[in-house]
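Asker: As a plain string of letters, each chain reads:
2 protein chains.
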Amino acid sequence: MTEPLSLWNHTSIRQAILDFVAEVTDEDGPNYVPPAERIATFDNDGTLWCEKPTYFQFLFAIKRLKEMAEADSGLLEQLAYKAAASGDMDYFASLYPGNAEELMQLVFDTHAGMPQAEFETLAADFLSNARHPRFGVPLKQLTYKPMIELIRYLEAHDFKVFIASAGGMSFVRPVAEEIYGIPRERVIGSNVSFETRMTEDGPVLHRKRGLVEPVDDGPGKPVNIELHIGRKPILACGNADGDIHMLWYSETSQYESLQLALHHDDAEREYAYEGASAANVFALAQERGWNVISMAKDWKEVF
Amino acid sequence: MTEPLSLWNHTSIRQAILDFVAEVTDEDGPNYVPPAERIATFDNDGTLWCEKPTYFQFLFAIKRLKEMAEADSGLLEQLAYKAAASGDMDYFASLYPGNAEELMQLVFDTHAGMPQAEFETLAADFLSNARHPRFGVPLKQLTYKPMIELIRYLEAHDFKVFIASAGGMSFVRPVAEEIYGIPRERVIGSNVSFETRMTEDGPVLHRKRGLVEPVDDGPGKPVNIELHIGRKPILACGNADGDIHMLWYSETSQYESLQLALHHDDAEREYAYEGASAANVFALAQERGWNVISMAKDWKEVF
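Protein sequences, first through last, are from chains A and B.
Take the first sequence: its position 58, counting from 1, is numbered 58 in the working numbering, and each next residue is one higher.
Take any residue in the second sequence, count from 1 to its spot, add 303: that is its number in the working numbering.
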């Protein structure tokens with residue numbers, strides 16, 4: 001029999017996960033949770049796949065801005081297009097997190113009006129072909145193996161595992177089944193709205209301009225979890241301040257719950273960073289007893 | 304071995320369903336559909352449960368208006384509260400479908416600001432205790448047995464069955480598991496947005512004022528199906544004009560698909576009606592080859 005969580009070192013984190021799953025699945029124990037209520041939610045960027053040097057979806061949007069500027073040089077008068085055309089990544093970095101809204105708008109509006117099916121094809125192509133500047137492999141290969149092993153382990157114990165990404169729902173869905181084994185209907189994220197246009201061939205969905213409120217980040221995560229799942233997660237996993245509400249929300253479950261926060265402290269195998277986007281989550285983890293995963297110490301492998 | 308769809312008479316509709324399911328599950332056949340893509344969507348009001356003399360959620364909202372008017376007589380100056388307090392159902396009937404937006408607004412705003420958990424408790428209590436004016440049983444008992452049998456039959460063939468209700472998502476979810484065997488995360492509907500309020504006990508979800516666009520009706524159904532499922536249904540079932548876009552959308556699947564429209568032609572066991580809310584769906588069914596279920600002829604039992 002294969003050892004469970006074989007890609008995790010024998011540290012307290014691995015033990016905490018094993019103990020939690022044993023506890024909530026023990027029908028005779030005091031903390032048994034019925035399968036229907038075994039909901040787990042995972043953030044995506046920096047939790048399931050790499051988010052450096054920047055979010056993959058930003059790279060996708062910048063590529064699109066560049067293509068649009070090549071097709072219409074008038075667009076170069078706008079800063080974002082100019083930066084994209086000249087490869088000025090610092091411009092985009094300067095927008096986040098201070099101007100996150102503006103950046104998100106840019107990311108989503110670059111594909112406004114497009115048929116939804118076409119957008120998904122572009123996203124899948126990008127994630128399959130664009131290569132990571134440091135690791136040299138297609139972006140979609142930069143998923144964390146121990147996390148995927150954890151997802152399979154949870155599913156084997158009748159958990160329903162959802163992704164709750166601050167990034168675009170439709171950006172992740174086209175590859176989620178292939179790279180995570182998570183079906184499309186279990187991928188939650190930020191999104192634009194769609195409109196149904198009637199054609200001779202029936203209704204066709206197009207992407208609209210503008211984001212659906214709330215963005216699936218921070219206080220928006222519990223909101224979107226309610227919309228898509230309708231139950232509180234008993235296990236939540238994130239890596240940044242945008243996951244704080246989700247982690248804390250899972251604590252308010254009537255059942256035993258487990259919170260996991262991934263710390264990127266592995267400059268050798270991946271990256272080491274905290275920075276503005278994770279300024280509070282680890283302090284809060286300390287305060288509230290959430291489990292902090294050390295990439296360097298707790299994982300045998302990364303990718 | 305029990306006969307499948309035993310509550311359905313041996314008519315062409317039952318045969319069409321059996322043939323379709325046999326076809327899409329035949330691994331060696333030309334129309335095989337992988338389990339992950341076997342999505343079925345059912346409307347709720349008038350498709351899975353009774354919608355007469357009016358939508359159950361309207362009764363719920365009217366009860367609330369009445370309670371609010373009893374607590375604050377100043378509200379009686381507004382027509383809706385006055386009508387609710389005096390039991391003037393004609394007033395509410397006059398709003399639909401002409402002023403559907405106003406009515407929906409009324410339905411949703413009556414619980415604005417309330418914690419989401421409290422709303423769900425109220426909804427479950429109402430559906431469990433309020434009795435139907437004609438049948439005298441609690442509203443939640445007025446589900447169509449042949450439809451529930453069909454849902455189980457589809458699930459037994461690895462379909463994922465979702466509810467796509469024009470009514471409130473959170474109104475149906477608290478009872479969906481009990482009365483339909485459908486888990487909360489597979490109930491899609493119209494909804495208000497929520498907000499996360501931070502308290503000493505952690506984040507708490509409250510209902511906001513105003514509907515999330517689009518309402519899950521007509522062209523909004525494919526939009527919400529995309530948001531919650533991300534795949535086209537290969538089987539869609541409805542009963543009114545608000546289901547036309549969903550039925551047609553399922554036709555645009557790359558796979559074989561089946562459309563079912565329930566005709567309420569059974570004044571004896573339930574009701575016989577078409578009226579303003581189903582003026583076009585049956586003509587279109589004729590034109591496009593959708594299957595029309597006759598409640599009177601195709602079902603052995605109703606409730």
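Do not rely on the hints blindly, as some may be mistaken.
Unchecked claim - No farther apart than 27 Å at their CA atoms in a straight line, the calculated lysine-lysine pairs in the DSS-like style are these:
(1) Lys603/B - Lys208/A
(2) Lys160/A - Lys463/B
(3) Lys82/A - Lys63/A
(4) Lys297/A - Lys145/A
Since the hints were made in silico from the structure, they are not lab data.
Asker: Each hint: holds or not?
Answerer: These are the hints, each one checked on the structure:
1. Lys603/B - Lys208/A: violated, 46 Å
2. Lys160/A - Lys463/B: holds, 14 Å
3. Lys82/A - Lys63/A: holds, 12 Å
4. Lys297/A - Lys145/A: holds, 15 Å
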